[in-house]
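Student: Given next are the chains, with one letter for each unit.
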Amino acid sequence: MTLLTATFYYMAAASVASALLAVTRKNPVHSMLWVLALFLHVAGIFLMLGAEFLAAVQVIVYAGAILIFYLFVVMLLDLPDEEARPRFGNHWPLAAAVGLCFATLAWLARVGTGVAPAATRMALEGPPQGSLSAVGMALFGPFALPFEIVSLVLLAAIIGAVVLAGRRAAGS
Amino acid sequence: MIVPVGAVLGLSAVLFGIGVFGFLARRNIILMLISIEVMLNAVNLSLAGFSRHFEDLRGQVLALFVIAVAAAEVGVGLGLVIALNRNKPGAGAADLTKLKW
Chain A
1 MTLLTATFYY
11 MAAASVASAL
21 LAVTRKNPVH
31 SMLWVLALFL
41 HVAGIFLMLG
51 AEFLAAVQVI
61 VYAGAILIFY
71 LFVVMLLDLP
81 DEEARPRFGN
91 HWPLAAAVGL
101 CFATLAWLAR
111 VGTGVAPAAT
121 RMALEGPPQG
131 SLSAVGMALF
141 GPFALPFEIV
151 SLVLLAAIIG
161 AVVLAGRRAA
171 GS
Chain B
1 MIVPVGAVLG
11 LSAVLFGIGV
21 FGFLARRNII
31 LMLISIEVML
41 NAVNLSLAGF
51 SRHFEDLRGQ
61 VLALFVIAVA
71 AAEVGVGLGL
81 VIALNRNKPG
91 AGAADLTKLK
101 W
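So the sequences go chain by chain: A and B. Note that the working numbering gives residue 10 to position 10 of the first sequence, counting from 1, and the numbers run on in steps of one. Note that the working numbering gives residue 6 to position 6 of the second sequence, counting from 1, and the numbers run on in steps of one.
Keep in mind that the hints are not guaranteed to be accurate.
What the hints assert, rightly or not - Here are the simulated SDA-like cross-link-like pairs (lysine to any residue), alpha carbons at most 20 Å apart as the crow flies:
#1 Lys26(A) - Leu67(A)
#2 Lys26(A) - Ala94(B)
#3 Lys98(B) - Leu164(A)
#4 Lys88(B) - Ala165(A)
Simulated from the structure, these hints should not be mistaken for lab results.
Please model the entire structure based on the sequences and the hints provided.
Tutor: So, in structure tokens, the structure goes:
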């Protein structure tokens, strides 16, 4: 096992651990800080997968913008800690068994077909495939129309957020 | 190959499961939205893994679009949370039964 593979497994274990902590902490701010750790580790995995631009976007947009937005809203609303209440109904063992069955099914399907065929032609030539220029050429070449549509989606979301959050109570 | 694609897909599945668990177990709307972010990250991870595996850039471009849509979702979702909190301070997901028939 090379050092890089070991690094990947560290990143994977750390992201699973921080995701688990993020969905189980009682304090919302602690939960968000663990999500931040998750985002950074996922960005590291993106780097190892050769997706440099995705890693940068992950850090800038997810960790930098989205999470700060969440933290701001938590600060404004002054969320209390979650109180411990029974989280699931009485039938949760049944549901867990069904979920386990589906997981086993997915595992069996994976063993049956496998995703191996392209693994042999991994020898990359020229600039690495995930390099910034290649992604940029793809975004402004064949994906130009979806790219523009995404900007429209973001504009609609901005307007929606302003309309939803900026509405004053009736009469004032 | 440095990173085995099967490991990436397995990690993605585990993270998605954790996100689903968080979404179902949380009572707080903001923490439910955070769980959705965990799920979206898992999907992006598998997209990047497939993109690497098949040497196809479309996976990465799709992951970028997913990130953009996630940003839009956060904007609208948190706007909804703020509007909700203005009308019903301290409301959790269990209190929102107005549309229930």
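Student: Taking the hints in turn, state whether each one holds.
Tutor: Each hint tested on the structure:
1. Lys26(A) - Leu67(A): holds (18 Å)
2. Lys26(A) - Ala94(B): holds (17 Å)
3. Lys98(B) - Leu164(A): Since the Cα atoms of Lys98(B) and Leu164(A) sit roughly 18 Å apart, the hinted pair holds (cutoff 20 Å).
4. Lys88(B) - Ala165(A): Holds, at about 14 Å.
Violated hints for the displayed structure: none, as all numbered hints are satisfied.
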